[in-house]
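2 protein chains.
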Amino acid sequence: MGLSLSKRGYKIKTVISRNTISGAALAQTLNTDFTTSFNAVSQADLVFICVNDDQIEKVVEQLPPTSALVCHSAGSISMNVLDKFSRCGVFYPLQSIAPHQAKLPEACPILIEAKMAADLSLLEGLVKSIGYQATALNSEQRLIYHLAAVFVNNFTNAMLTAASDITEQHKLDYALLQPLIQVTLQRMDNLQPAINQTGPARRGDQSTMQRHIKLLKDDKEMLAVYESISKLIARKFYH
Amino acid sequence: MGLSLSKRGYKIKTVISRNTISGAALAQTLNTDFTTSFNAVSQADLVFICVNDDQIEKVVEQLPPTSALVCHSAGSISMNVLDKFSRCGVFYPLQSIAPHQAKLPEACPILIEAKMAADLSLLEGLVKSIGYQATALNSEQRLIYHLAAVFVNNFTNAMLTAASDITEQHKLDYALLQPLIQVTLQRMDNLQPAINQTGPARRGDQSTMQRHIKLLKDDKEMLAVYESISKLIARKFYH
Numbered sequence: 000m001g002l003s004l005s006k007r008g009y010k011i012k013t014v015i016s017r018n019t020i021s022g023a024a025l026a027q028t029l030n031t032d033f034t035t036s037f038n039a040v041s042q043a044d045l046v047f048i049c050v051n052d053d054q055i056e057k058v059v060e061q062l063p064p065t066s067a068l069v070c071h072s073a074g075s076i077s078m079n080v081l082d083k084f085s086r087c088g089v090f091y092p093l094q095s096i097a098p099h100q101a102k103l104p105e106a107c108p109i110l111i112e113a114k115m116a117a118d119l120s121l122l123e124g125l126v127k128s129i130g131y132q133a134t135a136l137n138s139e140q141r142l143i144y145h146l147a148a149v150f151v152n153n154f155t156n157a158m159l160t161a162a163s164d165i166t167e168q169h170k171l172d173y174a175l176l177q178p179l180i181q182v183t184l185q186r187m188d189n190l191q192p193a194i195n196q197t198g199p200a201r202r203g204d205q206s207t208m209q210r211h212i213k214l215l216k217d218d219k220e221m222l223a224v225y226e227s228i229s230k231l232i233a234r235k236f237y238h
Numbered sequence: 000m001g002l003s004l005s006k007r008g009y010k011i012k013t014v015i016s017r018n019t020i021s022g023a024a025l026a027q028t029l030n031t032d033f034t035t036s037f038n039a040v041s042q043a044d045l046v047f048i049c050v051n052d053d054q055i056e057k058v059v060e061q062l063p064p065t066s067a068l069v070c071h072s073a074g075s076i077s078m079n080v081l082d083k084f085s086r087c088g089v090f091y092p093l094q095s096i097a098p099h100q101a102k103l104p105e106a107c108p109i110l111i112e113a114k115m116a117a118d119l120s121l122l123e124g125l126v127k128s129i130g131y132q133a134t135a136l137n138s139e140q141r142l143i144y145h146l147a148a149v150f151v152n153n154f155t156n157a158m159l160t161a162a163s164d165i166t167e168q169h170k171l172d173y174a175l176l177q178p179l180i181q182v183t184l185q186r187m188d189n190l191q192p193a194i195n196q197t198g199p200a201r202r203g204d205q206s207t208m209q210r211h212i213k214l215l216k217d218d219k220e221m222l223a224v225y226e227s228i229s230k231l232i233a234r235k236f237y238h
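Going down the list, the protein sequences come from chains A and B. Read in order, the letters of the first sequence correspond to residues 0 to 238 in numbering that gives the first Met the number 0. Read in order, the letters of the second sequence correspond to residues 0 to 238 in numbering that gives the first Met the number 0.
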């Protein structure tokens with residue numbers, strides 16, 4: 000992101016990091032200064048806090064007062080944590096970004112929020128200038144998208160991992176499921192996923208579900224997943 | 000499947016169906032006889048029982064004795080239900096087939112089983128002749144793949160449906176998640192799905208999970224899904 004901004008004429012003044020190795024490397028990439036001192040923020044126009052979600056509050060505590068617009072980029076954290084700054088906001092890419100991924104994937108929506116209307120416009124312009132689409136949402140709405148993203152990304156992956164573990168546990172080859180995965184992926188690119196729902200829970204086929212449950216009876220966690228998702232599917236189609 | 004067999008020189012003698020409309024239509028497509036009487040099976044070499052899983056036993060009860068190889072095509076049902084026939088077997092395409100889909104998707108593995116070794120060879124030859132790959136597995140192994148297929152196909156779709164319901168419930172646009180779904184799908188084509196696992200449960204990020212749980216507190220079923228999958232992910236990476 001730093002690179003994209005830099006290319007569009009934004010001057011990145013300083014990289015601040017506790018980690019002198021990765022911080023200095025990033026500063027070099029961005030052709031800018033590097034420091035470990037938070038004092039540098041007092042001269043900035045815009046400050047991005049890019050740390051793990053659970054470290055944001057600690058960083059905020061240590062930051063000196065500033066007239067800059069201070070932003071974090073955490074989907075699940077309210078803008079309120081930045082309340083000590085007169086100008087604050089959020090810049091959250093609704094995407095799963097692999098570690099050390101240099102560039103945001105194309106067509107990634109950026110969810111923005113700001114305490115002051117003028118700063119919302121500033122963030123909107125910044126998003127547009129680097130070629131993305133900005134969507135203004137409040138902190139609760141952003142949290143809802145963050146939760147939905149967990150279902151879409153993390154939990155679908157957990158389902159494949161479960162299938163992989165189930166086959167492996169019985170010394171069967173997970174790769175035999177690849178053609179089914181391919182067909183599944185093709186169907187998942189659909190704005191109404193409920194239309195594609197099939198399977199025993201969808202049909203209310205209790206005897207098939209009982210055979211699955213019997214197979215999982217010694218694995219409490221896996222059984223809880225099977226039963227809770229089957230219930231959610233049944234509720235969707237039978238209530 | 001009937002069409003594929005017919006094209007490869009197999010003579011389909013009769014379509015037997017209770018439904019005179021769809022049965023006769025299928026017989027016409029296959030250019031063969033149609034009857035509602037089970038007596039026709041006594042003159043067959045090979046009988047495929049193609050009914051809903053929970054109807055197989057009822058059909059078996061009504062079938063007269065036959066020297067034909069009698070097969071069902073249900074992933075989760077044991078070959079034992081066909082035990083009254085001296086020659087019996089299973090022919091199960093490991094795939095999600097949409098209703099009225101004329102052709103099996105390419106590269107779909109066919110899981111086969113037979114009581115007699117000679118019949119297993121017969122089924123293997125039949126599968127190869129229509130251009131697919133046969134894998135010989137017993138009934139329990141087939142049930143395990145059937146269960147794994149539920150996770151891979153039905154449950155991944157249930158995750159997208161949940162995301163769609165969550166956004167809709169809060170009057171937010173599900174379509175904003177499409178770029179994330181695209182990236183997710185690209186990553187899912189991987190034989191080691193655990194490698195792609197990310198998210199709060201993977202990181203052990205309790206505070207983010209608590210924010211999600213608070214959002215779901217009034218929806219017991221959705222909350223049970225969230226908590227059980229998060230536990231399964233945590234078990235995978237922390238136990």
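One or more hints might be untrue.
Identical chains blur together in the list; that is why a pair holds if it fits in one copy or across any two.
What the hints assert, rightly or not - Below, in silico cross-link-like pairs of lysine to any residue (SDA-like), each with a Cα-Cα straight-line distance of 25 Å or less:
hint: 1; residue 1: K170; residue 2: T19
hint: 2; residue 1: K230; residue 2: R17
hint: 3; residue 1: K102; residue 2: T34
hint: 4; residue 1: K230; residue 2: M208
hint: 5; residue 1: K6; residue 2: V80
hint: 6; residue 1: K219; residue 2: A193
hint: 7; residue 1: K216; residue 2: A193
hint: 8; residue 1: K114; residue 2: S72
I should point out that these hints are in silico values taken from the structure, not numbers from a laboratory.
Taking the numbered hints from earlier one at a time, note which ones the structure violates and give those numbers from smallest to largest.
1, 2, 5
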